[in-house]
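Undergrad: Letter by letter, the chains look like this.
2 protein chains.
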Amino acid sequence: MGSTTAPWKQLLLNALQSNSHLRHSSYFQLATIGPNGMPANRTVVFRGFQDNANKIQINTDCRSHKIEDLKHWPFAEICWYFTDSWEQFRINGAVDVIDGSNPDSMKLQQREKAWFASSPKSRLQYLGPNPGLPSLGDQPDQGPSSLDPSAGPAAAFCLLVLDPDQVDYLNLKSNERISFSKKIANEETSWNSEKGDSLVSLTMTRSSSWA
Amino acid sequence: MGSTTAPWKQLLLNALQSNSHLRHSSYFQLATIGPNGMPANRTVVFRGFQDNANKIQINTDCRSHKIEDLKHWPFAEICWYFTDSWEQFRINGAVDVIDGSNPDSMKLQQREKAWFASSPKSRLQYLGPNPGLPSLGDQPDQGPSSLDPSAGPAAAFCLLVLDPDQVDYLNLKSNERISFSKKIANEETSWNSEKGDSLVSLTMTRSSSWA
Numbered sequence: 001m002g003s004t005t006a007p008w009k010q011l012l013l014n015a016l017q018s019n020s021h022l023r024h025s026s027y028f029q030l031a032t033i034g035p036n037g038m039p040a041n042r043t044v045v046f047r048g049f050q051d052n053a054n055k056i057q058i059n060t061d062c063r064s065h066k067i068e069d070l071k072h073w074p075f076a077e078i079c080w081y082f083t084d085s086w087e088q089f090r091i092n093g094a095v096d097v098i099d100g101s102n103p104d105s106m107k108l109q110q111r112e113k114a115w116f117a118s119s120p121k122s123r124l125q126y127l128g129p130n131p132g133l134p135s136l137g138d139q140p141d142q143g144p145s146s147l148d149p150s151a152g153p154a155a156a157f158c159l160l161v162l163d164p165d166q167v168d169y170l171n172l173k174s175n176e177r178i179s180f181s182k183k184i185a186n187e188e189t190s191w192n193s194e195k196g197d198s199l200v201s202l203t204m205t206r207s208s209s210w211a
Numbered sequence: 001m002g003s004t005t006a007p008w009k010q011l012l013l014n015a016l017q018s019n020s021h022l023r024h025s026s027y028f029q030l031a032t033i034g035p036n037g038m039p040a041n042r043t044v045v046f047r048g049f050q051d052n053a054n055k056i057q058i059n060t061d062c063r064s065h066k067i068e069d070l071k072h073w074p075f076a077e078i079c080w081y082f083t084d085s086w087e088q089f090r091i092n093g094a095v096d097v098i099d100g101s102n103p104d105s106m107k108l109q110q111r112e113k114a115w116f117a118s119s120p121k122s123r124l125q126y127l128g129p130n131p132g133l134p135s136l137g138d139q140p141d142q143g144p145s146s147l148d149p150s151a152g153p154a155a156a157f158c159l160l161v162l163d164p165d166q167v168d169y170l171n172l173k174s175n176e177r178i179s180f181s182k183k184i185a186n187e188e189t190s191w192n193s194e195k196g197d198s199l200v201s202l203t204m205t206r207s208s209s210w211a
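Protein chains in written order, with the UniProt record's numbering: chain A, 1 to 211; chain B, 1 to 211.
Derived by calculation from the structure, the hints in this document are not laboratory data. Certain hints may be false.
Same chains, same label: a pair holds when it works inside one copy or across any pair of copies.
Straight-line Cα separation of at most 30 angstroms, DSS-like style, residue types lysine-lysine; simulated pairs [said to hold, decoys possible]: (1) Lys71 x Lys121; (2) Lys195 x Lys121; (3) Lys71 x Lys182; (4) Lys182 x Lys121; (5) Lys195 x Lys113; (6) Lys195 x Lys71; (7) Lys173 x Lys121; (8) Lys121 x Lys183; (9) Lys107 x Lys173; (10) Lys107 x Lys195; (11) Lys182 x Lys107.
Predicted model only: the values in this text are computed from it and were never measured.
Work out the full structure, taking the sequences as your base and the hints as a guide.
TA: Listed below in structure tokens is the structure:
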């Protein structure tokens, strides 16, 4: 199913391209729901699409609160605003939490792939007694100062994989709105898309975002 | 209670100041929970502190989905990332939804004040049959083309007021983390603050944000 390329994906790749000069263009906000029933929202880093398909990857620490949230209720909504092109993507779906104890060997391979795809400096974050700080720049290194580059995923390393069900796209320069919804029938995945102007409820949701 | 100035507020004012050259520095992501129990997340615009106290104001359209969300479950978490100073504020609390039918005359006055504080162009958004598009720049005007500047709030105009309970602050340049929690005793509001390093759970939450 993941091999069907979603129609919203090219829009997102274009936005990433046109904002790539901005370090923060790969950051988005991930909303989850805590075990206490409260909304939670934090910035995370886009780590690419899984196997170049449609699923969105995020690296995180098994000891983080968002893991607790997602194990309790495995749904999230991404809000990704591109500050240069004035585009917003709202992407919701179920999130698969893949830690070292995952019984699925394919998923363990994906976790290992994500580990080796991340920089040695960001890998170091997972080796301390507590997670280190994000590596966004010239901060002092956290945790251990050296890493065996051939060493596999640290126990604390966790891969999150969000499988998009709906994507709401807004372009504030072209005034374009598009709502994409996944449909699954007979094991086949397809995507419906509707222009905002034909979708009052979307229009409401969208416009009110900045109203 | 709102008159006690919170210790996190100066940090937020400083961040707004040091990022004020960026149009998007007044945008943040607001997470709510839909009636279907799903997390929702969208970009909104900071409209200032209520009466120069600690409560955060957001203007929105009564017809937007977030109103449905908040009437069903009146709690939200803001994630506000400042892209130039590398500071993140996570601010959660209850949200008061103030529309034209509010029985409290003080709140109706606050709604009117917020209406007149917003630009004529953004007021126009509320006058169409559906909400218009956000006014972030040189987009074509939406809805009616003229507005009586002395006319009071449109029926669709809604003021949201978030009353912060907890604020988690992260500075990625100084590696500083501070967690602020509101305490209310005998009608008195006070704020506790703890440095991240003494707060493992905060450390975990924070660091994992970008891990």
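Undergrad: For every hint, state whether the structure bears it out.
TA: Right, here's what the structure says about each hint:
1. Lys71 x Lys121: within (28 angstroms within a copy, 44 angstroms between copies)
2. Lys195 x Lys121: Classified as between; 24 angstroms across copies, 43 angstroms inside a copy.
3. Lys71 x Lys182: both (23 angstroms within a copy, 28 angstroms between copies)
4. Lys182 x Lys121: neither (37 angstroms within a copy, 36 angstroms between copies)
5. Lys195 x Lys113: Classified as neither: same-chain Cα gap 37 angstroms, cross-chain 35 angstroms, threshold 30 angstroms.
6. Lys195 x Lys71: between (34 angstroms within a copy, 28 angstroms between copies)
7. Lys173 x Lys121: Between copies, since 16 angstroms is at most 30 angstroms while 37 angstroms is not.
8. Lys121 x Lys183: Cα proximity of Lys121 and Lys183: none, with 40 angstroms in one copy and 39 angstroms across.
9. Lys107 x Lys173: neither (39 angstroms within a copy, 34 angstroms between copies)
10. Lys107 x Lys195: This pair counts as neither: shortest intra-copy Cα distance 36 angstroms, inter-copy 37 angstroms.
11. Lys182 x Lys107: within (23 angstroms within a copy, 42 angstroms between copies)
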